[in-house]
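A.B. asks: Residues per chain are reported as follows:
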Amino acid sequence: MNYLKAKDSELIRSYLSGNEAALEFLINKHQQRIFSYILIRIQDEDLANDIFQDTFVKVINTLKKGNYNEEGKFLQWSLRIAHNLIIDHFRREKRMPTMSPTDEFNIFNVLKDGSLNVEAAIIKDQIETDLHKLIEKLPEEQKEVLKLRHFCGLSFKEIADQTDVSINTALGRMRYALINLRKLMEKNGVSLIQ
Amino acid sequence: MDNTITLKDEQDAHCKPRKETIRFILDYSKALDYKKLKSGIEIEMIRN
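Residue numbers (the working numbering), protein chains in the order written: chain F, 1 to 194; chain U, 1001 to 1048.
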């Protein structure tokens, strides 16, 4: 297939017949236009990347479900999806305004857990010890992802880079780690509720 | 949202998403399996 000469509709047909490279070409072809559209409205590169990603997740879902019927208007359709996601973002932001800590006020000072009495502190400590023991029982790969995520605070992208796997694999390992940890907790009678 | 953004603004932006963003999308596409059963039930599956 000559990708350079192929129309969007041909690339989509090729992608739906199993050619993943056609999707890659389609993204490369339109990425700058779609990403610029998002970034210039959002003014935040991290968020713009998230919205770009969500846009193509929706695009892929729709294409694979066979619900795409806008022959020849792929770019406009993708931009419309991006536009709706941008609006969703602004609506969410309006509903839940975010606050950054300042010198005068830091929410963590308010939420600091200084009220635990001695008994509660011992129980909390015991739960944490039990939990650490159970985590050690997980398969090596799952344990690694869980520790990097929860104890080192790495993003899934950073975990994927560090462990040399795809983000999806890292996400999958995390999912199984949590499922297995839950089973181990039930089996060993460990509860997170004090 | 700012309504004064023009097509020229977008063209001047000259920016692209990060490589890892593209990689995630392509991995997602490869992992996503979509099936329609004879009963009409639609199933989405993510391969690990």
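A portion of the hints provided could be inaccurate.
Claimed, not checked - Derived, one-sided and incomplete: chain U residues facing chain F with beta-carbon distance under 7 Å:
hint	residue
1	R1018
2	F1024
3	Y1034
To be verified - Taking lysine-lysine and the DSS-like style, the derived pairs with C-alpha atoms no more than 25 Å apart in a straight line are:
hint	chain 1	residue 1	chain 2	residue 2
4	F	K157	U	K1030
5	F	K29	F	K65
6	U	K1016	F	K7
7	F	K65	F	K133
8	U	K1036	F	K157
9	F	K94	F	K73
10	F	K137	F	K64
11	U	K1036	F	K133
12	F	K29	F	K7
13	U	K1030	U	K1019
14	F	K64	U	K1030
15	F	K133	F	K147
16	F	K157	U	K1035
17	U	K1019	F	K7
18	U	K1016	F	K183
19	U	K1016	F	K143
20	F	K29	F	K58
21	F	K187	U	K1035
22	U	K1036	U	K1016
23	F	K73	U	K1038
24	F	K64	F	K94
25	F	K183	U	K1036
26	U	K1016	F	K133
27	F	K65	U	K1030
28	F	K183	F	K124
29	F	K157	F	K143
30	U	K1035	F	K5
Rather than coming from a laboratory, the hints here were simulated on the basis of the structure. For every residue, glycine included, the Cβ atom is placed at its ideal position computed from N, Cα and C.
A.B. asks: With reference to the structure, classify each hint as holding or not holding.
C.D. replies: Hint by hint, here is what the structure shows:
1. R1018: Since chain F brings a Cβ to about 6 Å from R1018(U), closer than 7 Å, the hint holds.
2. F1024: F1024(U) check passes; min Cβ-Cβ to chain F is 5 Å, inside 7 Å.
3. Y1034: holds (4 Å)
4. K157(F) / K1030(U): holds (17 Å)
5. K29(F) / K65(F): It holds: about 23 Å lies between the C-alpha atoms, which stays within 25 Å.
6. K1016(U) / K7(F): holds (21 Å)
7. K65(F) / K133(F): Violated, because 44 Å separates the two Cα atoms, which is more than 25 Å.
8. K1036(U) / K157(F): Violated, at roughly 32 Å.
9. K94(F) / K73(F): violated (32 Å)
10. K137(F) / K64(F): Violated. K137(F) to K64(F) sits at ~38 Å, over the 25 Å cutoff.
11. K1036(U) / K133(F): violated (43 Å)
12. K29(F) / K7(F): Between K29(F) and K7(F) the Cα gap is close to 11 Å, so the pair holds against 25 Å.
13. K1030(U) / K1019(U): Holds: K1030(U) and K1019(U) sit about 17 Å apart, inside 25 Å.
14. K64(F) / K1030(U): holds (11 Å)
15. K133(F) / K147(F): holds (13 Å)
16. K157(F) / K1035(U): Roughly 28 Å between the alpha carbons, so the hint for K157(F) and K1035(U) is violated.
17. K1019(U) / K7(F): Between K1019(U) and K7(F) the Cα gap is close to 24 Å, so the pair holds against 25 Å.
18. K1016(U) / K183(F): Judged against 25 Å, a Cα distance of about 43 Å means the pair is violated.
19. K1016(U) / K143(F): violated (35 Å)
20. K29(F) / K58(F): holds (18 Å)
21. K187(F) / K1035(U): violated (35 Å)
22. K1036(U) / K1016(U): violated (35 Å)
23. K73(F) / K1038(U): violated (32 Å)
24. K64(F) / K94(F): violated (33 Å)
25. K183(F) / K1036(U): violated (31 Å)
26. K1016(U) / K133(F): violated (45 Å)
27. K65(F) / K1030(U): Holds, at about 14 Å.
28. K183(F) / K124(F): holds (20 Å)
29. K157(F) / K143(F): The given pair, whose Cα atoms are some 17 Å apart, holds under the 25 Å limit.
30. K1035(U) / K5(F): Judged against 25 Å, a Cα distance of about 31 Å means the pair is violated.
Of the numbered hints given earlier, the model fails hints 7, 8, 9, 10, 11, 16, 18, 19, 21, 22, 23, 24, 25, 26 and 30; all others are met.
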